[in-house]
Amino acid sequence: MKTERENNDNPLGYPTELVTADTTYRSASEQVADISLSWKPHPRAWYIGFAISFCLLMLLFLAVTWLFIRGVGIWGVQIPVAWGFAIVNFVWWVGIGHAGTFISAFLLLMSQQWRNSINRFTEAMTLFAVACAGLFPLLHLGRPQVFYWLFPYPDTMGLWPQFRSPLVWDVFAVSTYLIVSLVFWYVGLIPDLATVRDLAKPLWKRRLYGVLALGWRNSARHWQRHQTLYLILGGLATPLVVSVHSVVSFDFSVAIVPGWHSTIFPPYFVAGAILSGFAMVLNIVIPIRKFYGLENMITSKHLNAMGCVMLVVALIVGYGYVVETLMAWYSGDEFEIFMILDRMTGHYSWIYWLVILCNVIVPQALWSRQVRLTPWKLFIVAAFANLGMWLERVVIVIQSLSKDFMTSSWQNYTPTFWDWATLFGTLGLFFTLLFLFIRFVPIISISEIRELVHERSHEH
Amino acid sequence: MNEKSPHPVRQWRSLEERAATPEFREWLEREFPPLASEWHDGLSRRSFLKMMGASFALAGLGACTRQPREKIVPYVSQPERVIPGRPLTFATAMPLGGNAHGLLVESHEGRPTKIEGNPAHPATLGASDVFLQASVLDLYDPARSKAPTHRGEIAPWPAFQQAMLEQTQRDPTGAGLRILTGRTTSSTLIDQIDTLRQRMPGLRWHHFEPLDASTIERGPSDPVHDLSVAEVIVAVDADPFGEGPARLVNIRQWANRRSRMDRSRPRLYVAEPAPTITGARADFRRILRGSAVAGLLRQLQEGRADDEWSRHLLADLERHQGSCLFIAGRSPADEVRALTDMLNARYGRSAGKKPAQSGSPDSLAELAAAMRAGEVQTLLVLGTNPVATAPSDLMFGEALGRVGFSAHLGLMADATAQACQWHLPEAHYLESWSDCLAFDGTPSLVQPLIEPLYGGWTAHELLALLTGTINSSSHKIVRAFWRKTAGVTDFEEFWRRSLASGVVDFRFNDAAEETTRREPQSSRAGELEINFRMDPALYDGRFGNNGWLRELAAPLTKVCWGNVVQISPATAARLGLSTGDMVTLERAGRSVDGPVFIQPGHADEAVTVTLGHGHPAGGSNAGYGFDAYPLRTTDALWTGFVSLRRSKGKQEIVTTQHHQTMDGREFVRVVNSADEKPDTEPPQKEETLYHPDEFLQGDLQWGMAIDLNACVGCNACIIACQAENNIPVVGPGQVAMGREMAWIRLDRYFEGTESAPEIHFQPVPCMHCENAPCELVCPVGATLHDSEGLNVQIYNRCIGTRYCSNNCPYKVRRFNFLEYNGDVSSSERLQKNPDVTVRVRGVMEKCTYCVQRISAARIEVKKEFRAIRDGEVIPACAQACPAEAITFGNVADPQSRVSRKKRSPLNYGLLAELNTRPRTTYLAKVRIE
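Chains as they are written, first to last, in this note's numbering: chain A, 89 to 548; chain B, 287 to 1215.
Rather than coming from a laboratory, the hints here were simulated on the basis of the structure.
Take the hints with a grain of salt, since some may be wrong.
Label-pair distances were calculated between CB atoms; the ranges are [as the list claims (entries may be wrong)]:
1) 944/B <-> 421/A: 43 to 51 Å
2) 418/A <-> 934/B: 27 to 35 Å
3) 1057/B <-> 404/A: 32 to 40 Å
4) 235/A <-> 1057/B: 25 to 33 Å
5) 267/A <-> 951/B: 41 to 49 Å
6) 1120/B <-> 235/A: 29 to 37 Å
7) 267/A <-> 1146/B: 53 to 61 Å
8) 951/B <-> 438/A: 49 to 57 Å
9) 267/A <-> 337/B: 48 to 56 Å
10) 143/A <-> 934/B: 38 to 46 Å
11) 587/B <-> 438/A: 38 to 46 Å
12) 270/A <-> 1146/B: 52 to 60 Å
13) 235/A <-> 877/B: 54 to 62 Å
14) 438/A <-> 1042/B: 46 to 54 Å
Computed from the model, here is a short list of chain B residues facing chain A with C-beta under 8 Å [stated by the list, open to error]:
15) 948
16) 1067
17) 1101
18) 1103
19) 1128
20) 1197
We put the CB at the ideal spot given by N, CA and C, even for glycine.
In isolation and in its complexed conformation, chain A is listed as follows (with noise of 0.2 Å):
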């Protein structure tokens, strides 16, 4: 076994530990199915999150109660600005979704291995973020009641969506993406679903959590059809990492609006989603870490890791900003070119220079290894692009629309006190679920720790 200082004497000075020294087959299982099966009490930090989360998620309820029963309009959309708030947290939610997929999916087909302390939890922050997401689009619809037109049903009257809608390619989008990262997420969780089962000491829980464990005796057949299984649908959501943001950008790139059509959107999105996908994960990884202990497993090398991927995306991002710049200039359309300086110097331009600050100048910071080392430093740095990204869908929905073609129709756009509610509405929903999910499911997966101890006993 190598030391800690050794580990760190390789040529760059990088942390290359996935697991500490210490962690053995049965810590890692007991470490980690502990948390969920345990009745002992949870870190304080826990009952505090959980109880805040479920009152934003109370709100959420009365802000969605209200919002049937008098309509959109308790939110500040109008005409100019149809689109407004949920539109902006669609996208955002849906880009944090994406570090998940990221993470588990592309890195698993990388063959990253220092993906495999942190890809459950970002799994499951996947599924909670587009669970989140996927309330937008039919709330903010004017008739919830009828969202089911949006999709392909065998119609009484011959009826179909309207498939050059880029509304339609988002349904298509969303919800495979949904059920690609449930079943991905699902499929990963079955070995330690297992083992908790066998680490379970009430029958009722050994029931629960065997039947959820679909029978895994962890025969080598089943780690074979299962890593098989596995690897598949890996390679089935990869492609979805892109696809699912480059669809949400259509919605704007397609239409006409000055400031939406442009062919950069896709890449753009892209990129923006992984940004604020990873921030979101250093999030939530970072305060998990410290207060369950998890530090052998979630090293320093996995935030180094993350830190690096967020300062290529940031940087791609920017270069976005750049494009987007230049293009409006180079068209010499009067509307792009309006709309660009608009952005840089009218009404909304605070928000704008702010977007730069969060997601361009900030995590230039992480060229640094002391921030990428350093928790705190890179969970801030994290916390600005988070701020950044919902920014920047701010800027790209409510700016561009608020001053389009006419005139006379230009109006600023003023949101209300629903429209905060239903996104701190949707915080709540999405800490409530992964506060549970924290409580009851094992958040590291057991067995892929395990795999990587074995790989480290047998370097030897």
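Start from chain A and add chain B according to the hints.
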């Protein structure tokens, strides 16, 4: 039933009953003989449940077609000509400001729903304006008075009749009896008053119209002019397009000649303090303070010119000697009138005629003086609201307190109603029989479309009471007058013809007018000039509770749900004021607070306020804006001087247009007359890779052309559309959020300098793009093209993603963000057009080119096996337009009027560079140099 009585029945219905046989008794006891026995014979629980189960199941089946709970009574014998589902149209006339506006009113099963101008009537020529269009909503106003009140308590009509008769018996000569009406040209009413005067020699009749200075103090009324012949029209502080009984005719005469392609366009010179729609359309507009009118006219009379405008004008006057027209409005100064007459005599053809007037009533000022002197014991106020709208120095409300018996007949419980002892609900003109004269003296009959909803009386019926006739009907009164006056042998035929055509073939002789002289006001140091103006939406305030008009943005300020203190940019800068700042205006010991609005093109050192906001009308919508009437006095009816100081706070001004310029985008194209291409030149060919007529398949393709040369920005199209298409009123909060629902809007742009901008109007309905961006993005296909080129919106398919609105470059789509039709009162529901869906919350809507009218025509022509003729389908906006600026028709037919207009070299598509291929196109404005 007497079955228990041992005695034989006294009254009997059948022999059995009389005989009281046991069978009959049994029959009586068992109400349902065959079934009732079974019940008694021990209906088992099981069969009871079976029966109930079957009943429930059948009830469930029945519920598939739910029947209304109310009893439905079909026509026993169908009334003549009434076919359910088919509207009827009746001719009537609306008196406004005393003169008649001939109308054709559409009625659905007895409910008047839509008002159009009567093409046969000289004052409307088939067109209409916002007041005429919106008056139908007043009929259904839930705030209307529903019962007579005595000192605020509901009292029955007979109680009033009793009180009134007692009052006339006490004063049989009428020495203390005064009648105050609005300005009226009702020959029947005047005849009734004359008859009354013979019986009661002491009776005096006064009239009052807040916007007519000649009713406040005796004076000449503003003359009416003929714009159809003048080559140079000079309006000095006058708004012939927006005010006066001939406004629609003025617009028509001017616009027809302006839109004509013959280049002999009349030139319009306007000098005014605050921009009006006339000023906005002026070729040469000069900013002139209201108090400088006489000075300018004097200067023109003397042939002096010290500015560009006057020099240009004098040159034009010389060139067109003999065909010029001077219109100088409003000013009470005799000098102005004399100078105008002199100028018209020198350069013009005629001095203009005064509008038709009959009778010679006394003025309001005389009435107020008599009331203060205690000479008035009995006052009847008929359909006017002097307590709120009289010049404040008359102190009418206070003087009313000295009147022993006062009664007010009015639609609403307004301030006068509250100040009088009796308030009586008045019949709306759509509920009344009456008559009145057009500005040119043509009589029209006012016929009701509906029984009075709340049992209101007309002024005729009230006056009949004075002669001791109880419960007479105005129908009888009006008919009796015309039978006596018309002098025709076949009166029934005359009556029927007059009602059917909307005009009466008869002329009265004009009565003479007296004048008084008044000097214009002068200012004290530090005071600003104040101009009082008619409100372009509320008139004098009588429409203050009308939701459509409340929500109608004024043409120049684009402000709705309230009025503003208009001030020039320079003066605002000097005083450090910005739009929305609250200021206190003070004059003659009275002060009023209102928000400042910086109005480009306004005169410096002056403010302009419109009358009629605040509370003058009464009703729940009336409280918006501030009431400027308290500042208005008899010596400053239109222009005075006021001290302005800043007061606390800022008010959000509700507007439908936040950005006032085009920012270099050519929404309104302007062509200098020198650069204009002749009509003969073929329009430029569009470069396209596609087939140019790709979308012109089929015989019928609808399109619209809007001539910006003709449009004067009067807003008539907006209210016409609202009335036709069941467009809801959303209220000031929603408008401030940007959720107004108007399907056609009027964009107003300023161009040039802030102090003296050029002003453009542009009505914007749906463009019905051939390549509609909205259609592409709807996920459920709720907006599509139909075979006739209409971009249709399918409400019951719409799920409300609002994507279509985002992608509409014209932003003409409107969304039901809330249930806007949810709190419409049950009476206002009666106004809804049954041919147009009332939209629910959460669906998108927009201009349909009045597809219901197209459908109606399609059905009609199918029955007759022919094609739709050009002009057979007219959308509501085009029908109302007094300028005939909107032409609608079949663009696939090269001979249609719309196709001919679209062939003009002036034709252009709004934002056509986006390749939306709009079906609605505009004819560029020609700027005369």
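*Hints violated by the structure (numbers, ascending)*: 1, 2, 8, 11, 14
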